[in-house]
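From just these sequences and the hints, can you work out the full model?
If you read the sequences in order, they're chains L and Y.
Using the numbering used here, you'd call the opening residue of the first sequence number 1 and step up by one each time.
Using the numbering used here, you'd call the opening residue of the second sequence number 1 and step up by one each time.
Honestly, the hints are just simulated from the structure, not real lab data.
Hints may contain errors.
Treat identical chains as interchangeable: a pair holds within one or across any two.
[To be verified] Calculated lysine to aspartate or glutamate pairs in the DMTMM-like style (CA-CA distance at most 25 Å, straight line):
{"id": "1", "residue 1": "Lys189", "residue 2": "Asp131"}
{"id": "2", "residue 1": "Lys94", "residue 2": "Glu145"}
{"id": "3", "residue 1": "Lys94", "residue 2": "Asp150"}
{"id": "4", "residue 1": "Lys85", "residue 2": "Glu145"}
Protein chains: 2
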Amino acid sequence: MTTYGLLLFDHAEELDFVGPREVFHVSEQLRGDSGSVALIAEYPGLVHCAKGLQVLADHTFGDHPPLDVLVVPGGWGARHVQVHKPHVTDWIAKIASRVDWVHGIRTGTFLLHTAGPARGRRVVTDAAFEDELEAHGDVTVMRDEPYAVDGNLLTSRGLSAALDSALWLVSRLHGIDHAHDVCSAMDYKPRVPSLGGGDLARPNH
Amino acid sequence: MTTYGLLLFDHAEELDFVGPREVFHVSEQLRGDSGSVALIAEYPGLVHCAKGLQVLADHTFGDHPPLDVLVVPGGWGARHVQVHKPHVTDWIAKIASRVDWVHGIRTGTFLLHTAGPARGRRVVTDAAFEDELEAHGDVTVMRDEPYAVDGNLLTSRGLSAALDSALWLVSRLHGIDHAHDVCSAMDYKPRVPSLGGGDLARPNH
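The following block contains the structure:
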């Protein structure tokens, strides 16, 4: 069983967590391990996302299960609010040190930079914020790549890329045949990535 | 201003409404008309989606604004529950008769068939349920097409297709240049459709 934990916070971008969540959920369903994809918020209560979607998280920082994968979405709230909350960045740093994989989605990379896991790493982020992230220093921002893998840190750049990077991770964790089954179940044709994991058909990491 | 209303119900597929919602929301933001994309549920309270996401709708059947576009997502709840609720199918039929466009996502086509708008039309649905929909009769199920347009009824087949069909609709409503702006803002590269609206670059309906 693989337990995925997706951080949720006010003004998180909806598709940054709903897209990868779908990939991981379908993967666990196909593997007979349904129920190990958790949305985790700092506190209980409704979360108001970047474009107004109101979502209830499954767990809080205080009651979530042990995780194998930590997923950090982006959005206005990531860059402007969560990066300034030590309770959140400390939690990210602590969990990141325990999981097998850390997966940053778009501007979620800013949170992973502040918290530590993206320091000194090669990463991608939302195309509109590449200069801003690079200005923070101690990070190599890859441009024009859908996603990047550096050690156990996987970051993705855009909307489609977040699905593709999640699929790359599933193929890495559970094999290429399984990843193709997930694509079939979702009726989704992944794009050929050009960085990090290589083609979905030939993972080279 | 274009007002989009997306039906929400228990066991609706998450990406069936979150994906198109993103397209329409970005479109309205770029056009300076933010706030006219509404999630509408039969009753107040949390909705439990097909893969466990807990979402609060913006409106109920009793208090939503007048709509220009009605969007009906799919999911287990569409095929097994909502089709048997006259209060829901009557609402769909009533709203569909008033809007400019009706947009069915994946198995949302089943609901539109029961409610009336898909009767006698050419539609697509989730690949796994094409035979089942065809068995209901009085509908032409197009196979292996990402989406279909018949009159003012737009239906889409899969996860990527739901984004592409929503983008087709935005290009139809607000022009091809605007649709490309939406794609850029989302960092999403639409797939070339093969049915209905033709290529996104050359809408022919």
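Each hint tested on the structure:
{"no.": "1", "hint": "Lys189 to Asp131", "verdict": "between (31 Å within a copy, 22 Å between copies)"}
{"no.": "2", "hint": "Lys94 to Glu145", "verdict": "neither (28 Å within a copy, 47 Å between copies)"}
{"no.": "3", "hint": "Lys94 to Asp150", "verdict": "within (19 Å within a copy, 54 Å between copies)"}
{"no.": "4", "hint": "Lys85 to Glu145", "verdict": "neither (30 Å within a copy, 47 Å between copies)"}
Violated hints for the displayed structure, listed by number in ascending order: 2 and 4.
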